[in-house]
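Student: Chains as they are written, first to last, in my numbering: chain E, 55 to 411; chain S, 131 to 570.
If you are wondering where the hints come from, they were derived from the structure by calculation, not from laboratory data.
The beta-carbon is built from N, C-alpha and C at its ideal position, and this holds for glycine as well.
Warning: the hint list may mix true and false statements.
[Claimed, not checked] Anything over 12 angstroms on all C-beta distances counts as not near chain E; from chain S, calculated: (1) Leu168; (2) Glu295; (3) Pro308; (4) Leu334; (5) Pro377; (6) Glu390; (7) Gly400; (8) Ile413; (9) Val432; (10) Gln436; (11) Pro484; (12) Met490.
[As the list claims (entries may be wrong)] Going by beta-carbon spacing under 8 angstroms, a handful of chain E positions derived as facing chain S: (13) Gly116; (14) Pro207; (15) Phe281; (16) Gln396.
[Stated by the list, open to error] In silico SDA-like pairs for lysine to any residue, Cα to Cα no more than 25 angstroms straight-line: (17) E:Lys262 to E:Leu276; (18) E:Lys95 to E:Leu399; (19) E:Lys95 to S:Glu406; (20) S:Lys210 to E:Pro350; (21) S:Lys210 to E:Ser355; (22) E:Lys397 to S:Phe254.
Below are the chains, spelled out letter by letter.
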Amino acid sequence: MELFWYIIIALVLTIFFILDGYNFGTGIIHLFFAKKEKDKKVVAKAAGLFWDFNEVWLVAGGGMLFMAFPTFYASVFSGFYLPLIIVLWLIVFRAIGLEFRSQFNNTMWTAIWDTSFGISSLLLALFFGIALGNIVRGVNLGGVENEISLYEPHYFFLPLWDSSFSPLTEHPGVIDYFTIIIGIIAVVTLAIHGATWIRLKTNASINKKLKNVIFNLNIVLLVLTIFSIVVWQIVNPNSLDNFAKRPYLIIFPIIYFTGLFGLFFIKKIKKDSYNFALSTLLIIGGITSSLASIFPVILPSTNSINESLTIYNTATTDYGLSVAFNWVIIGVILLVIYIIIQKRLLKGKIDKMDYGH
Amino acid sequence: MIFYDRLQFAFTITFHYIFPQLTMGLSLMIVYFKWKFLRTKIQKYNDAALFFMKIFAINFTMGVVTGIPMEFQFGTNWAKFSELTGGIIGQTLAMEGMFSFFLESSFLALFIFGEKLMGQKLHFLTGFLVFLGSWASGWFILATNAWMQHPVGYEILDNGKFVLENFSALFTNPWLIPAFLHNQFASVVTSAFVVASIGAFYILRNKNLEHGKLFLKTGVIFGLVSSLLVAFPTGDWNAKNVAKYQPATFAAMEGIFETEEAGAEIVLIGQPNMVEKKLDNKIAVPNILSFLTYQDWNKQIVGMDQFKKEELPDNIPALYYSYHIMVGLGTIFIGIMLLAAFFLWKKRLHTIKPILWTIMFLVPFPYIANITGWYVAELGRQPYLVYGLLKTSEGVSPTVSSGNTLFTLLGFVGLYMLLGLLFLILVGKTIHQGPKPIKH
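Input sequences plus hints: build the corresponding full structure.
Tutor: Structural data, given as structure tokens:
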């Protein structure tokens, strides 16, 4: 049951990053590449139509995490207090930027909300990447100092940064040179994803240029990926052991690299939906490879006193998990029905669609 | 320091709840307008549905962006509470995401963009599903809160964790149905007053007259019915539940410092004096409270003197005032709506300016009544998070310092001031533009 819920929650959160990921990416592209008002408008619309539906995946994932792994939820949310609250603020700016830009037909007004949408999307991508980096790197569980725990063994608190910015100190911060690399990888990945989404959904005049942008970003991504694996080896020499111990996990890095190499053929691929599928593979592969590298741990301990948090020592009882199993099945069936209806009614490019308010 | 954590939660939830109460009530009224249009084919009903849909959309955005921090704060500020009770309240909160938010957000986009794509019947259906989603959300939140007020279906393990023992008990909790209905009717009061108030505004400005009259009429009818239902039977049920399950809270909210031999009075006005343990400037009617609570004029009601200090809520004056403001406003709403309904029946309401002005300016007060109602529930449950079992002081995050909490509290205050300002500007603009003018 723990494993089932772990997979479900990982799935829900991955879907969140695929769906809201194209919004973040659209925001990044919007910030750097959309110059004409017409493009800005349609690009913002490409993100704006479904942001609240996409956001629900985060809320649903959070709720399930709360229900199934309450100890993990409590530990991680309080331990990463500041970055999480900052993410909340950014989510607010992102959403109101999208919703309110078209409310007044005034260039100053739209410029403010476009910038709000663009910058908060960029920072959200960065912060989510940094968060993933933190999960993989692990934290000082129990706040151990001189072999003595300051808190209960499953609690911790991380400042935003430590002055050395090194993941190898006793109390690493949220931002260090390892997590920042993962953060930048997330920004680049999501920018690619946003660009393939814009090409898929709109007829913006920048679409031609975006093919080159995707190609160039992909080169950057390849370099960064290799660099991050090297740095990771330095930070934690055992980081790839899990793949040797459980060889079937190698499927996840394969997914990632399929997406990565596939996108180098972007100039040859005619169908925009293939490109979008490839950038989706990048996201799925990136998240699942990171999680797989530490499985069944979900938050490694960087000290030797307190044990890491796993899906087994943070879960609620079997009764709770199995009751929830029943309703989640019903929920998923309903959800599939909603999505089918939604896609049937709103398909194709959105340039002409009337934004109701 | 727990003070900042409580203040931050109180501030963010108060601000958040400005929006869902209108979302829930208004979705019902939009469905009504759309249904009327389908039945009668009279254009003004569809105009009304589309006009309030615009206000709904702005409101919904605000509700979503201020709602996400609520779920996160369980973990960030109340980690110990989350760890100990997540196995139970996580169920209802996760179900809210699964069964309510997906439904609401899937069909809201279709409702807003899809009128021309789908045709009228499907458009009505999407509106109905949005309504269903928003009320389901209320249901799961009330189920969560009901468990905190009156815990059922749980088991406490040796390590202090609350785990689920009986899932269906969460939904058959005797606290749940009265609280849910009371809350939902109260949200209809808010939306009815908003609709009536916009109607009164248009009539007074002599603009959009036909729509204005429709809004006024619909608002008054919904407002009268819902404010009656909020008081009786649902308000009455809730008060009886508090008397039964939280007697210390009941004594505190009613302002009963001393236990009388027989028959408790009902306090209308008075200020709690916590030093001398009495009410200053009290105006009260004898025996009424006993009758209302137990249908027995002489039944004894236990006062605060019979409880230990640590069993009583920790802010008795705030609880007492919240309760009396809620009840007082509720009574005023019934009075004004009765009067308005009388003139509506006489077909003269739109000509009586004093009532139109009153209805127009009354609009903040149902919000205040809704929010003070929630204060009664939350302050009344103190000093517990889970009534009788887990103290509020035991639920706070063990590793987050008060300096960090104050920092984020200040951030939320600043951000929400900006949001509130934007909300007022945008709703004001929508009202100013008005519904689509009727072509004759």
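Student: Taking the numbered hints from earlier one at a time, note which ones the structure violates and give those numbers from smallest to largest.
Tutor: 2, 14, 15 and 19
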